[in-house]
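Relying on the hints, combine the two individually framed chains into one complex.
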Amino acid sequence: MHSSFESAVENPVIEQETRAAEELDLPWQVIVHNDPVNLMSYVTMVFQKVFGFPREKAEKHMLEVHQQGRSIVWSGMRERAELYVQQLHGYLLLATLERTN
Amino acid sequence: MEIRRQDDCLEISELDPFLAELLRQIPDSTRTEGAETAQQRLFSLPAQASEREICAEWKVYVEPELRRLFQTATETVATDLQQLNGSTKPFANCTLRIPTQNVEAWLNALNQARLVIAAKYNFSDVDLCDHYRSPIGSRRDLGLFQVNFYGFLQEFILHEMDL
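Residue numbers (the working numbering), protein chains in the order written: chain P, 1 to 101; chain R, 1 to 163.
Bound conformation, chain R alone (with noise of 0.2 Å):
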């Protein structure tokens, strides 16, 4: 896999399946139904709970503002992963573009993508300095390589965008 800036969009060139269905799941990935603690992490409150008045207020009027925002990142990111649809060769090596305007939202949905595994998973501060476990293992074991693999997309695009 390469990564590099190309004008007005970031290439990720020679995806392999794996990694490319890695990416894939980045929409899927963000879903916290069912899983009570990743919805508690994403929509985490505003003050200590003793403070009824805000904790109330943020659930009416921020949270859906939150939760519209998150959605609106996933989609962007969910569109732009089209282009890994169109190979004709089901195991051919593939390239992905993504267009600066929407590193902000690939940034989102990233993170959105990570917090909710890590808390899906219970990874420990342990865990998330193992980055070298390898994924052919248990569910658990490619989840930790997926928060890894997208920390690693993130730090690319904070370094190649200079945010």
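So here's chain P without its partners, still in its complex pose (with noise of 0.2 Å):
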């Protein structure tokens, strides 16, 4: 006897999955820029508030925004790096979410 369910097995359809590279859930990056205006102090503040980072941490991130224009302070999954943004924006830091290249 052969079942419909050992034919499927032996001669399985394929079916092709085709999503467009920018649908895939690649990696993005959080980036912080600089801003003259907001304190060093404060900017470590958020750092630790939003991130956990440990001061050590949060301090080089903010002196990477201060020397060189931008830190990457976090990088994952989309909906993640949005809602950190999100938060970032709340403390009024200069931050967007970028494609990990």
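Please keep in mind that the hints were generated in silico from the structure rather than gathered at the bench. Virtual Cβ for every residue (Gly too), placed ideally from N, Cα, C. Possibly wrong hints are sitting among the right ones.
Chain R regions said to be covered by chain P (calculated; three or more residues, Cβ under 8 Å) [unchecked claim]: (1) 111-121; (2) 149-161.
Between beta-carbon pairs, the in silico distance windows are [as the list claims (entries may be wrong)]: (3) M77(P) with S124(R): 35 to 41 Å; (4) S138(R) with S75(P): 41 to 47 Å; (5) P36(P) with E33(R): 21 to 27 Å; (6) F18(R) with M77(P): 48 to 54 Å; (7) Q6(R) with K60(P): 47 to 53 Å.
Spelled out as structure tokens, the structure:
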């Protein structure tokens, strides 16, 4: 006896799924940009609060923002990245999310 | 002027009328009406403009939330500032007590005010590092003094609250 199930297993129909590259949940980066108005101590505090960074790490990123104009503070899935950017904007930091190259 | 932490509040005492007036101006200083650059700074894009979907969704769903957040902070500060309206002597020094539960709202409102003033007057890095310019000059000089004074308060709050 040859069941339809066995037949399906032996001759599987492969459904092709096509997705545009941008639909794939590739990693995104959260970037904080320099702003001459925001205080260094304030930016450090925000990094600690939003990302839970220890003070040293928060200061490292703050200095990167200050000296290099920007710092990648987090990378991962888009949804979480959007949430972090929203939190950073709530603290009035200049932050964006960008696709990881 | 003296600032110190007192139990469950930050106390700013010996506030002279000029500094008290600058504090009273915090809520109004956060207003962006008629100042496109200030509006753009407070509600900056979350991604490059080419990321149209992200930017469009942000405008619809996130920006209203941010407006509410900023307004709530400003209203909290405005309520605390009502303490400065109780003096019977118009030119007397006064005291302001900021409840510790409101310090995050104060940090936010002070930052809004600093960013809006800086955007309105297009202050450069050099301007912002000039901490000794007299406020008695142009309206722009007064604006710079406000930005620095509000920044001083932010620094003090961060230091005292160990945030």
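Falls inside 41 to 47 Å, the C-beta gap from S138(R) to S75(P)?
holds, 45 Å
For the stretch 111-121 of chain R, count the residues whose Cβ lies under 8 Å from any Cβ of chain P; is that count three or more?
The restraint on the stretch 111-121 of chain R holds, since 5 of its residues have a Cβ under 8 Å from chain P and three suffice.
Would you say the C-beta atoms of Q6(R) and K60(P) sit inside 47 to 53 Å of each other?
violated, 34 Å
Cβ separation of F18(R) and M77(P), checked against the hinted range 48 to 54 Å
holds, 51 Å
Can you let me know if the beta-carbon spacing of M77(P) and S124(R) is within 35 to 41 Å?
holds, 38 Å
Is the coverage entry for the stretch 149-161 of chain R by chain P consistent with the three-residue Cβ rule at 8 Å?
Coverage by chain P holds for the stretch 149-161 of chain R (5 residues, Cβ < 8 Å).
Note whether the CB distance of P36(P) and E33(R) lies within 21 to 27 Å or breaks it.
Between P36(P) and E33(R), where Cβ atoms are some 24 Å apart, the hint holds.
Hint 7 alone, counting from the list given before, is not met by this structure.
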